[in-house]
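Participant: Sequence:
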Amino acid sequence: MNPAMRRFVYFLALTCLTLRGTNGAPHGSRTYIVHMERNTSHHSVLDKSACYVGMMQRATEVLAEGHPDDGMDCLHHVYDHVLDGFSARLTPEQAEFMGKMPGVKGLHPDVPVQLATTRSTEFLGLASASGRLWADGKSGEDMIIGVIDSGIWPERLSFDDLSLGPIPARWNGVCEVGTSFTVSNCNRKIIGARFIFAGREADIGRPIEDGVEDYKSPRDMVGHGTHCASTAAGMHVARAVSPTGLAEGTAAGTAPKARIAVYKALWGPEGVGSTADLIKAIDWAVADGVDVISYSVSGSTGEYFTQDYLMNIAMYNAVKRGIFFSVSAGNEGPAPGTVAHVAPWVTTVAATTQDRDIDTNVELGDGTVLKGRSDYDGTALAEQVPLVFGGDIAVSALYADNATFCERDTIDESKAVGKIVLCFQDDVERNRTIPAGAVLHPDVPVQLATTRSTEFLGLASASGRLWADGKSGEDMIIGVIDSGIWPERLSFDDLSLGPIPARWNGVCEVGTSFTVSNCNRKIIGARFIFAGREADIGRPIEDGVEDYKSPRDMVGHGTHCASTAAGMHVARAVSPTGLAEGTAAGTAPKARIAVYKALWGPEGVGSTADLIKAIDWAVADGVDVISYSVSGSTGEYFTQDYLMNIAMYNAVKRGIFFSVSAGNEGPAPGTVAHVAPWVTTVAATTQDRDIDTNVELGDGTVLKGRSDYDGTALAEQVPLVFGGDIAVSALYADNATFCERDTIDESKAVGKIVLCFQDDVERNRTIPAGAVGFVSAKAVGEDLSVLHVDFPYTIVGNKAGQTMVSYVRSTAAPTATIRGAKTVLGVTPAPKVAGFSNRGPHTFPQAQWLKPDIGAPGVDILAAGIKNERWAFMTGTSMACPHVSGIGALIKASHPTWSPAAIKSAMMTSASIADNTRNIITLEESGETGTFFDFGAGLMRPERANDPGLIYDMGTTDYLNFLCALQYTPEEIKLFEPNGYACPAAARVEDVNLPSMVATFTRSTLPGASVTFNRVVTNVGAPDSVYTANVIAPAYFDVAVQPATITFSAAAPTQSFTLTVSPNATAPVPAGVAHAHGVVQWTDGMHVVQSPIVAMVYDS
1407 MNPAMRRFVY FLALTCLTLR GTNGAPHGSR TYIVHMERNT SHHSVLDKSA
1457 CYVGMMQRAT EVLAEGHPDD GMDCLHHVYD HVLDGFSARL TPEQAEFMGK
1507 MPGVKGLHPD VPVQLATTRS TEFLGLASAS GRLWADGKSG EDMIIGVIDS
1557 GIWPERLSFD DLSLGPIPAR WNGVCEVGTS FTVSNCNRKI IGARFIFAGR
1607 EADIGRPIED GVEDYKSPRD MVGHGTHCAS TAAGMHVARA VSPTGLAEGT
1657 AAGTAPKARI AVYKALWGPE GVGSTADLIK AIDWAVADGV DVISYSVSGS
1707 TGEYFTQDYL MNIAMYNAVK RGIFFSVSAG NEGPAPGTVA HVAPWVTTVA
1757 ATTQDRDIDT NVELGDGTVL KGRSDYDGTA LAEQVPLVFG GDIAVSALYA
1807 DNATFCERDT IDESKAVGKI VLCFQDDVER NRTIPAGAVL HPDVPVQLAT
1857 TRSTEFLGLA SASGRLWADG KSGEDMIIGV IDSGIWPERL SFDDLSLGPI
1907 PARWNGVCEV GTSFTVSNCN RKIIGARFIF AGREADIGRP IEDGVEDYKS
1957 PRDMVGHGTH CASTAAGMHV ARAVSPTGLA EGTAAGTAPK ARIAVYKALW
2007 GPEGVGSTAD LIKAIDWAVA DGVDVISYSV SGSTGEYFTQ DYLMNIAMYN
2057 AVKRGIFFSV SAGNEGPAPG TVAHVAPWVT TVAATTQDRD IDTNVELGDG
2107 TVLKGRSDYD GTALAEQVPL VFGGDIAVSA LYADNATFCE RDTIDESKAV
2157 GKIVLCFQDD VERNRTIPAG AVGFVSAKAV GEDLSVLHVD FPYTIVGNKA
2207 GQTMVSYVRS TAAPTATIRG AKTVLGVTPA PKVAGFSNRG PHTFPQAQWL
2257 KPDIGAPGVD ILAAGIKNER WAFMTGTSMA CPHVSGIGAL IKASHPTWSP
2307 AAIKSAMMTS ASIADNTRNI ITLEESGETG TFFDFGAGLM RPERANDPGL
2357 IYDMGTTDYL NFLCALQYTP EEIKLFEPNG YACPAAARVE DVNLPSMVAT
2407 FTRSTLPGAS VTFNRVVTNV GAPDSVYTAN VIAPAYFDVA VQPATITFSA
2457 AAPTQSFTLT VSPNATAPVP AGVAHAHGVV QWTDGMHVVQ SPIVAMVYDS
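Going by my numbering, the sequence shown opens with residue 1407, and the numbers climb by one from there.
Derived from the structure by calculation, the hints contain no laboratory data.
Where is the CB? At the ideal position from N, CA and C, for every residue including glycine.
Be aware that one or more of the hints could be misleading.
[Said to hold, decoys possible] Subject to a maximum C-alpha distance of 30 angstroms in a straight line, what follows is the list of computed DSS-like cross-link-like pairs (lysine-lysine): (1) K2228 to K2110; (2) K1726 to K1686; (3) K1877 to K2059; (4) K2205 to K2228; (5) K2273 to K1622; (6) K1544 to K1622; (7) K2380 to K1506; (8) K1777 to K1544; (9) K1777 to K1821; (10) K2154 to K2110; (11) K1825 to K1777; (12) K2059 to K1622; (13) K2205 to K1511; (14) K2273 to K1955; (15) K2205 to K2154; (16) K2110 to K2205; (17) K2273 to K2228; (18) K2059 to K1511.
[As the list claims (entries may be wrong)] Now the in silico label distances, taken between C-beta atoms and shown as ranges: (19) A2456 to A1741: 24 to 34 angstroms; (20) S1919 to V1583: 38 to 48 angstroms; (21) L2193 to R1978: 47 to 57 angstroms; (22) T2303 to N2325: 35 to 45 angstroms.
The task is simple: from the sequences and hints, build the whole structure.
Facilitator: Here you go:
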């Protein structure tokens, strides 16, 4: 150990021994982050010097002996990867002394941070008048078919036993009872029923939720087993018909009088079982005396000894005992080599069509009839209506090819209104949609996502490729730095996941109410850290009271964010009051989750020291993406949160895509947080789903409101009063307007709905005693979000509030009611920028660049909840951020060589600035048109981001040139890059290869001024491509691009261009105009690569 380090170690040990006073608390001390030089950093201390560890241990022992109740050590964290240094508790005097020691770059006080038969038997010849098999085989009456599957729904007529004789005497099986299944559910048809789940529960590491995930009994929750059992052995049932009246006839299984033995070994919505359970089911079936085993279960497609060899041994022994064993060939065709179950002792069955179609034909105006298929009942259309082809009604000629396939946002929907629209489909996964106003269309199956946001972003469309190309993110690891996780939620089930990626280096830490079994192949790691937080508050966190001292989430924020980024598909998700029902999924539903709990207590507050250590862990553990829904400073990122920015820089330098929330202090300009160019900063938008809990006044006026009130508690109309009109005295009228405590005459509120306003001022508001309902109106703005209150309640916008006040004061006996909440889909316009979302421009004084980067849904997102709430609504940029985190994981899985900057570029240049009415995205709080400073490059469009055409790539050199351009000194740059960096002679922010351009001017020097940007674009599409520039210049400015056409080849995949912004000489910038917005688009006829251009004008 060098002398400087020896002095430092001795000093730190002495510090730890002397920091505390007589009550065990430090005298005026606080946590500092000690930034060390690399050659004297903690690496050498920990790796080479047992002295350091020993000194700290001895210090801890002495402190424990002197203060046995004191659990806080002096040294909190050692940073191993993203920052050279550590954090420790010091007094100001000791911090000052330490700051002067050799090897110490600086000390920084820790900063708290806040948070799928009615015809098939006939087609096979069984039902023909001349057929003998049903007679010779007695319709299978003495045969017993063991169906190993997902169970049975015994009440169906297919399983009636009226015409059957006694159960065969050789039958040895049983009828097991369980949830919603009794002995009476077995009969002479269903002669036995068993169920087994021990292996499945062992695989998932927890019990199956009885009645939620599945019935713990032979009863079928998904329908697969019931369908297979009736297809094999269903009784003759007359007048069978589909739900929409199709395929009517007599249904029967191929052996209609065979007996059925049920072996339920497949579980959950996706019908997954363990090999152990399935082999036991075969074992039972052999012992029970079945004649046939029907096994419609997947199997390996390759060598049957090394793959599924235990299953093949079980099948061999069943066949050896004379059992006919029928297995499915699998559904992964048509590629060769995909057949499953290849052992010669089983009968492997492929699927064919039959001689019955469901025709839903198209008749043209000239009488031509063309074959089609769906279950449309024909009631909604007139005899003939206008017909158009999507490729002929594109929004522009540039999008004609895309419109041929009805890709989203490529059709001029005004030309589709009242018409049948024809579009093509191919094997390419596209973000297709049915044009608004069209009267008939091909049925496009989509997966409804409860959060709605995955569908709104285009991920859940049947034509989308990103979930397929990115394998739903299965090999990606998303580190979620937040308030922990509630691991029992179905969003975190690992039923369909493969092994944990071999590169994973993390651990599963245990703690209060969290064991190793809470981790699985979904939650592959979990850590927690609170030393910095405890140091900040000066006492231990109360375990189990304030929070769980473990990765378990007590506030729900981390659980919600983790499921939004990477939650598995979960059917029948619904809010606690029955809203937004559907299938929930994260944006990367098969990504793995690594939990880093660093936010604590009911408000989710963390220390910078803990948060940096969480990033440090995530880098070392091997995550691919970090999702960071945590607040940050809104200004200059060197003097504010610069250590956090160094940590983020080092994570990105190692190839980690880093997604951060823009913050919730909007809508004021200059509030955007996390402005470093290496992170992707996410603004929040609404989506096309509302939760409407409306107010109906006595005069019939209906005003839009929002909450999750179910509508059961209120009469049709009850008296309505305004808080400001029932104050205890005129002196308190202003306070009573906001329902501040003790300012309302509660005798005047009894039996009434009370209206009060709310604003951003912290007030001690309360619902007046005796009131039967409460309406909270926004004092400013129209942005609404769901808030759960155990009372008839809704929130309305300012305009609605003012309307209500006017009604109350102009009506002798004003009344109102609050209607129960309803889920409304297809809302227009959508998206809007959320009223709370932080806005640009940032407040860094030396230069400008665009922040936020991108917009994503963040209002009323339904995702996994905690405790008794399986699902919960939450709102914030915290909810927008994990959408982008998951999409970043999908794109990285699809393009593993892309850098974090390439992923961000793909997101930004493919984003949409138009809402679903084809107008520029507006602001929720005012309805005004938004700008790039509100929504970044626009609403995230994941499918297009996966195939962006061109990217603006960046790496370490670009980021360091960025710092150089901001006139950082060599010593300051060393804080980011310890080996230093030689800045180029004339570094400019305008030359940093960002996918956006912000030109700054001063009003006094506008005439003749210009700003030039140098950019390099990389072709990631077809090698031989030609792109042409199209510019929409900002108002009052001209934009020139050189060259206007760029050509790529395999030998030349990158090209450069310049873009110059200058004031328009004939249309001067008016006084009061601070910024104007435009775009530059590079297009090759297939891709539109769009970058924002902003021209800013400062008064001085």
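Participant: It remains to establish, for every hint, whether it holds in the given structure.
Facilitator: Do the hints match the structure? See the list:
no., hint, verdict
1, K2228 to K2110, "holds (11 angstroms)"
2, K1726 to K1686, "holds (17 angstroms)"
3, K1877 to K2059, "holds (25 angstroms)"
4, K2205 to K2228, "holds (21 angstroms)"
5, K2273 to K1622, "holds (22 angstroms)"
6, K1544 to K1622, "violated (35 angstroms)"
7, K2380 to K1506, "holds (18 angstroms)"
8, K1777 to K1544, "violated (40 angstroms)"
9, K1777 to K1821, "holds (26 angstroms)"
10, K2154 to K2110, "holds (26 angstroms)"
11, K1825 to K1777, "holds (19 angstroms)"
12, K2059 to K1622, "violated (49 angstroms)"
13, K2205 to K1511, "violated (55 angstroms)"
14, K2273 to K1955, "holds (16 angstroms)"
15, K2205 to K2154, "holds (25 angstroms)"
16, K2110 to K2205, "holds (10 angstroms)"
17, K2273 to K2228, "holds (25 angstroms)"
18, K2059 to K1511, "holds (21 angstroms)"
19, A2456 to A1741: 24 to 34 angstroms, "holds (28 angstroms)"
20, S1919 to V1583: 38 to 48 angstroms, "violated (33 angstroms)"
21, L2193 to R1978: 47 to 57 angstroms, "violated (24 angstroms)"
22, T2303 to N2325: 35 to 45 angstroms, "holds (38 angstroms)"
Of the hints listed earlier, those the structure fails to meet are numbers 6, 8, 12, 13, 20, 21, in rising order.
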